[in-house]
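S.K.: The lines below spell out each chain.
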Amino acid sequence: MMKPLKTITRILILLCGLAMIPANYVSVWQIQLEAPQYPEGLKMEIWSHKIAGDIDKINGLNHYIGMSLIKEENFPEFKIMPWMIWGFVLLGVLTAAVGKKFMLWIYTTVLVASGAWGMYDFWHWEYEYGHNLDPHAAIKIPGMAYQPPLFGWKELLNFLAGSFPDVGGYLIIVPAFLVVALLMFETFRKK
Amino acid sequence: MKRLSILTLTGVVTSLFFFGALSSCKPPKKDSGLSADAASKVYVAPGKKDEIYLFTSGGFSGQIGVYGLPSGRMLKQVPVFSQDAETGYGFSEETKPMLMTSHGFTPWDDSHHPQLSRTEGQDDGRWLFINANNTPRIARIDLGVFKTREIIELPNCGGNHASPFTTQNNEYVVGASRFSVPYDKDGDQEIASYKDKFKGTISFIKVDKETGRMGINFQLLVPGVDYDLSRAGKAASHGWVFFSCYNSEKAHTLLEVNASQRDKDFIMAVNWKKAEEYLSQGKGMKWPTNYAHNVYDEATHTATSTMMKEVTVLDVKDLPGVCYFIPCPKSPHGCDVDPTGEYICASGKLAAVIPVYSFSKIQKAIEAKNFDGDFDGVPVIKYEAALDGEVEKPGLGPLHTEFDNEGHGYTSFFVSSEIVKWDVKTKQVLDRVPTYYSIGHLCVPMGDNIKPFGKYVIALNKITKDRYLPTGPELTQSAQLYDITGEKMKLLLDFPTIGEPHYAQACPAEIITKHEVKFYKLADNKHKYAATNEKEAKVVREGNNVHVYMTSIRSHFTPDNIEGVKVGDNVYFHVTNLEQDWDVPHGFAVKGANNSELLILPGETSTLKWVPDRPGVFPMYCTDFCSALHQEMQGYVRVSPAGTNPALKFSTGE
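First to last, the protein sequences are chains D and B.
Going left to right, the first sequence walks through residues 1315 to 1505 as our numbering numbers them.
Going left to right, the second sequence walks through residues 56 to 709 as our numbering numbers them.
No lab work stands behind these hints: they were computed from the structure.
All residues carry an ideal CB built from backbone N, CA and C; glycine is no exception.
Nothing false has been slipped in among the hints.
Partial pick of chain B residues on the chain D-facing surface, computed with a CB cut under 8 Å:
1) 81
2) 311
3) 312
4) 315
5) 316
6) 405
7) 407
8) 451
9) 470
10) 472
11) 489
12) 492
13) 493
14) 518
15) 520
16) 521
Chain B with its partners taken away, still in its complex shape:
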């Protein structure tokens, strides 16, 4: 039996050897970076306010999400490029023109990069710009009212991705084409002619200092590659804008392979002041075109859409000194300028290093003509001549970098799913922390300003997987908050976001709140159909159109009984909210409406178009719980058959 024991023991030892190997050689799991006192650092007590506003793009929702930090509490969704039935944006008669393009009514887009307006390189909290990627547009949101006030379409542009980055005093917001397309002969060209005929464009949109009103000053016609991201130079490099370019292979099919072949693509440096000189010398070509410029008027509460017919185009290959290419490994995404404006770092999605270029070296290289030939007529600066240094072994899949106020860069890594902190001067990696999961962009509050605010970095993730309670095949999107005040980055919070939190900008709350508007003044209401008191309420028939000048105040509509409407009439409910106090919106809905409700803010006038399809008596009511008698805030519209001649009657309380 003793021998048998030895045998058994041999077997057990053998097994243990294998099981032991299985567990013991495994490298330990990475520290999640979760701060030990995370809860106290993100806890904002009930009734207290957050320290920071975070504006995230909604990605494919086309909207913008507004959050408070450090709590991660969602405060608002601002409708921008997509219709929003909740507020009536894009459904009401006043806001429908906001979504007009040269293609007609375009009620959806893909919003990617929110960008706060600037004064002397610092966020000034007046406006937020954001690009539409699909049908190229740039929107301006007024941060006094958190509403979209202007949308300009970009003509001659395939996919506005490298946008809407601003120069340090909002001299320009830029829009560069992700997809190059042909512009000869109406653009009707063989796709295979990409190499010869396809071109990119960069639009320089001027912003009025007082009103924020946008206008395309000029477009640059640039080589046909994909323009991905951009930052304007600032401080030392003010007057320049930098763009990352991929697909220097000029592939037009299966880009995942064919646009990944060259070891280096490019950063394009654009001297916009030089371009302005050429423009003033009349070097621009006038191209006939069609693009929509949609502006919402604060006085009339009404947007108008104007179709613009011409744009000035400068062809950079004929205009020396405007554009330079700088080689950059490999399929670059982020192209970010440090707070001093001297360093430009680029993140090649497939690259093994992060190159950091020096603006002064770029200038010297240009002066010395230290070029490596040209690419489609644009000089290519020698890589080494522009390079300040490389961050070595930073991680896998670098995407985007922002900065703190102490000389550190924070770069997101999609493939290795982490944030890496590095020293801009020494190019040394200082710290890394995992993200959950697959971070895209990141955001440091004011991280692209001359004086960043710092304190946090926000990871804008592409995948959430097991981080939240599951919600079927489509899971929530998510961002994460990290503390960067210490040497080690510390995870504080996961919080869900709307759409895809593609990119975000953040700044201290007081920069935004100083522009706060609490309600619209009735006295300033210049809406054509406003009824600024109940005596002005009326119903007017003009042929098939019936205009209802309606008021709402707690808790009744005037008029609330309407007769004399016929099947097939175009009934316009112009509802003016007579309240003059903070936080008292009224809603308006009528049975059978094929569009949405209205959400009317105090002092505002909004219009819902309604085409009754059958005779009967139709209820209408207030949808936003406005008072104790909100449920009583209701009325009726009587609809008579078409072809009859009912008398027009309207009343309240009779």
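Just chain D, same shape as in the assembly:
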């Protein structure tokens, strides 16, 4: 486990870590909504520290079906996520500097665990948001829930909802996958 990493691996890990820096300054995840009346689409952006996009329009539409308002103060995640991303960056730099395989293991574990937690947290929010409806809503369709998709497209009444990583998301996901690949490369290489 104390095996030194190859120089090329260390350089790539450093680049992966540094690549995540801009993820704090752009949108990480996006939810797109399309409807006949909204040919231009509506977009909700999730940044590491805020939500942006057409939130007011989305809230205005959602009140018909009794969904609660999307408000920034309801997301404690926004206090944690910027620090997590900075953590990924620092850990990447540290892993490259130490240059030992156990550090790469730690880094990989942290990234994968954070990713899993992130997706679960997102799904949980979507579930609550899509199921916890005001019983006095104007439009009530028996058995209908409005949970947005975790990933991909889904039809919700007259809207087509899509959920995908945004620029910031790719700036984390692609380096994270590379880190996993580097761990596999270091594990299975012959010398």
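Once you have looked at the hints, place chain B on chain D.
M.R.: Below, chain B without anything else, positioned relative to chain D:
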């Protein structure tokens, strides 16, 4: 380096996976339904005429738009409930009385539902009725001249929305209140007393077979909910009228939530022949009231406004057999009767199905007293007992249905922004086509007749967004034309409309053109101040009032020089257009007039009131380009200071 390549490849594959997911799982966009040969189907060559007249309401413009189909070319705006400076409607002395109500001069309204007059359940092209939603009124437009000829105010009515639907021989046009209000003690009641004290009313307005003259025969006092839309029964169901009702919750605040709670509201079926029986038995109450009845006289070219003082009211809770409620999911809007008169379909704005009721089942249920209690004293027929079937999963936000001649219903869907074609007998959905965007009402030519004309369906949209060149924050309003001759509906044309094209009716052109009037005959002109030839032209002073009997003919006014007018006089220019040919109107305008121009049609007399506010010489001129010497068609009025005593002089060519 080979390993590095593998690593890079891994990264790229990873990214591709995500980007791939982003695009590949997306359901394809709906087919726009645009017909491949749309251009040839809507092209009406220059000089050729359209096949169909379309009458759209102007919505909040208060007017009516007239279009030709299939080209979508706008032909005319008919001023109805709003003043129109372009024609002088509501500004000229003759037409001001048209806009009188019990509230005084009321120069704007919100016009919603044009309705063509009927003979044996078919459009006869004589008149067009339309409702005023805000200050409740019904107007009658004469389709020989395309002008508003009568407006009757509806007393005891809060918002005349479910109106002015006609029975199959114009026995009645109806007007039902959208807003229930209290009628006890001058109506001065707490708003929170809605549940106990607020009531709706339905006015039954008789239409004279020959003249079209309207008169309120009786009003029904009905439970306090919101009455939304209506259709009269026809053929099998002649003698009945059906109304959709929402807010059976009886909410008086935040209706968007509070009036959307119950799973079912109602369709109200009204047996008007039964109501007539009670009326003839003297069961009606005479209510003192005040409402304006404004009639334009074709001979005098002048409207008069009469204030009416009494109306007969029948309280349906004391008169069994007049009204029945039928449960209907949820906040119904459209309430439409198919061509046979047997099927009544209702469109619950928030409902997941379209219920189709059977008239014969309703009759059986009434006979068998198959009721589910009552609502404010009106029996509620059991839903299943009245129901013929439901159209399942039709779309989101059904609003309104019209029919073709082959047993199909066409229903508009606001939320899912589409038109859905379905089979009235089997209740199967046959086709759907998107609209751009958020359709409200729709119109099939003669789509509410016993024999619909069909061929097209017109979508009357609420939103245009990106369909046209932008015009600032306020965009154009729009309708769309679809071909319904094939199995699939095909989009042919988008065309802009005036105001909001709330609802429209359409019929083949020959039904309208056979009533065509080309000009008014001078010989029939009985206007009090008409000068039917130039020799009759004169200026007469009566105290502060100066009457100018003026003529206009290409290309001069008689008189065109007027002196002896003083500051503060009421000067009435009574301008008679002496032309006796088609398409030769003259305009009239005078500097400093605080109202509008006049647009005087051949043989017509119109009057502009003018109160000069300062001494000087004031030009007047013809505003409608009438001939090569139109620009020479001008004159002067000399105004002397108040308190002087100038001699009255008038002349032309001296």
